[in-house]
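Asks: Letter by letter, the chains look like this.
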Amino acid sequence: NAGVTQTPKFRILKIGQSMTLQCTQDMNHNYMYWYRQDPGMGLKLIYYSVGAGITDKGEVPNGYNVSRSTTEDFPLRLELAAPSQTSVYFCASTEGHNEQFFGPGTRLTVL
Amino acid sequence: SQKIEQNSEALNIQEGKTATLTCNYTNYSPAYLQWYRQDPGRGPVFLLLIRENEKEKRKERLKVTFDTTLKQSLFHITASQPADSATYLCALGLGGANNLFFGTGTRLTVIP
Numbered sequence: 002n003a004g005v006t007q008t009p010k011f012r013i014l015k016i017g018q019s020m021t022l023q024c025t026q027d028m029n030h031n032y033m034y035w036y037r038q039d040p041g042m043g044l045k046l047i048y049y050s051v052g053a054g055i056t057d058k059g060e061v062p063n064g065y066n067v068s069r070s071t072t073e074d075f076p077l078r079l080e081l082a083a084p085s086q087t088s089v090y091f092c093a094s095t096e097g098h099n100e101q102f103f104g105p106g107t108r109l110t111v112l
Numbered sequence: 201s202q203k204i205e206q207n208s209e210a211l212n213i214q215e216g217k218t219a220t221l222t223c224n225y226t227n228y229s230p231a232y233l234q235w236y237r238q239d240p241g242r243g244p245v246f247l248l249l250i251r252e253n254e255k256e257k258r259k260e261r262l263k264v265t266f267d268t269t270l271k272q273s274l275f276h277i278t279a280s281q282p283a284d285s286a287t288y289l290c291a292l293g294l295g296g297a298n299n300l301f302f303g304t305g306t307r308l309t310v311i312p
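Going down the list, the protein sequences come from chains A and B. Heads up: the first sequence runs through residues 2 to 112, numbered per this note's numbering. Heads up: the second sequence runs through residues 201 to 312, numbered per this note's numbering.
Just so you know, the hints here were simulated from the structure itself, not pulled from any lab data. Accuracy of the hints is not assured; some may be wrong.
As the list claims (entries may be wrong) - Quick list of the computed label-pair ranges, beta carbon to beta carbon:
hint: 1; chain 1: B; residue 1: Gly-241; chain 2: A; residue 2: Glu-96; range: 21 to 31 Å
hint: 2; chain 1: A; residue 1: Gln-23; chain 2: B; residue 2: Glu-215; range: 19 to 29 Å
hint: 3; chain 1: A; residue 1: Leu-81; chain 2: B; residue 2: Asn-253; range: 42 to 52 Å
hint: 4; chain 1: A; residue 1: Asn-99; chain 2: B; residue 2: Ser-285; range: 21 to 31 Å
Even glycine gets a Cβ: it sits at the ideal position worked out from N, Cα and C.
Isolated chain B (complex conformation) (with noise of 0.2 Å):
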């Protein structure tokens, strides 16, 4: 069957560090994956897209990687802040009509 799986459910870490959070899939083929941040009561925001043939992409403290051989993204938050703290959700895009498949999320804690 098809999966989305997001590393942990939530995710704690200290201000200053580096957040890593994990997407992986099976049974998915995507053209491009997309990472987007949800604040509680509101609608998911776009962080970043990266498409099956690149490996990296990067904005501002924001560093994505895709790798299509392990079936796997990781996202990673530098130098991280209390404001980083939100739910990511990774979302697959097969191409086609742009319809995403969306992970179930994990929920970011930046601790002061």
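One chain only, chain A, in its complex shape (with noise of 0.2 Å):
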């Protein structure tokens, strides 16, 4: 089992630049996360989904989207990408009240 897998591992963009970050499960999850971190900050939930075909905001939504064809795959997508963006994206993935599992995350630069 790959596990979490997400892409890419790094990204600069630029102000006003649109982008998909990619992340993939195979451990037939239903439960799928997204996370930014940024500096000496814990994760704050960006969307989350609870199975194909549903999902929901968290924490801090603003300038996001997300879409769920598929139990695998939750791509995060930035419309018009703001410095504020600047961070690292991780996708987590879990089954039940249970550990969710992370992937090694996408570092993002907007300029």
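Two chains, each in its own frame: build the complex with the hints.
Replies: Set out below in structure tokens:
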């Protein structure tokens, strides 16, 4: 099992550009999450999904969009990148009230 | 307002001693609490989960306590080793969609 994979590992965007952060899990988990982590801060939940076709906002959803067309994939879309979106993004998945499995992260810089 | 505070940003201890990390929360009613380890440049890795009706959980050199009256969890690493050096995150789970709310973390350094 690869677990949770994320691409790309690093990306630099210009203000106003858009991009999609990819997340895939091979554990057949229903629950998937996107977090952002700023320096010295804990993880903040952006969006989550409880199953294919169902998504909902977390604590900091503004400026982002998600979709969940399959159990395995949960892409995060940034439409108009802003410097405030410079962060490290983590995708995670779980099943039940159990541990979350995290991907290796995507380090995004918006200049 | 809701807060999750971890005792200090950084903690240095001598190898072989017990490290104790604190997680305090306000205005949450967690159904469970989890602890994660995060190494630089990597995603968090799960360590332990303790539910609201449990007082203590152990796993090898790790021990977690959960006091819902004090609204506090303590995380202990006994016989600490330099390899235990990392950032440790506590996270509250409210049930429902299994969303976790994370503290800011404590960076532990074990000095040989």
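Asks: Against this structure, judge whether each hint is valid.
Replies: Going through the hints against the structure:
{"no.": "1", "hint": "B:Gly-241 with A:Glu-96: 21 to 31 Å", "verdict": "holds (27 Å)"}
{"no.": "2", "hint": "A:Gln-23 with B:Glu-215: 19 to 29 Å", "verdict": "violated (41 Å)"}
{"no.": "3", "hint": "A:Leu-81 with B:Asn-253: 42 to 52 Å", "verdict": "holds (46 Å)"}
{"no.": "4", "hint": "A:Asn-99 with B:Ser-285: 21 to 31 Å", "verdict": "holds (27 Å)"}
Hint 2 from the earlier list is the only one contradicted by this structure; the remaining hints agree with it.
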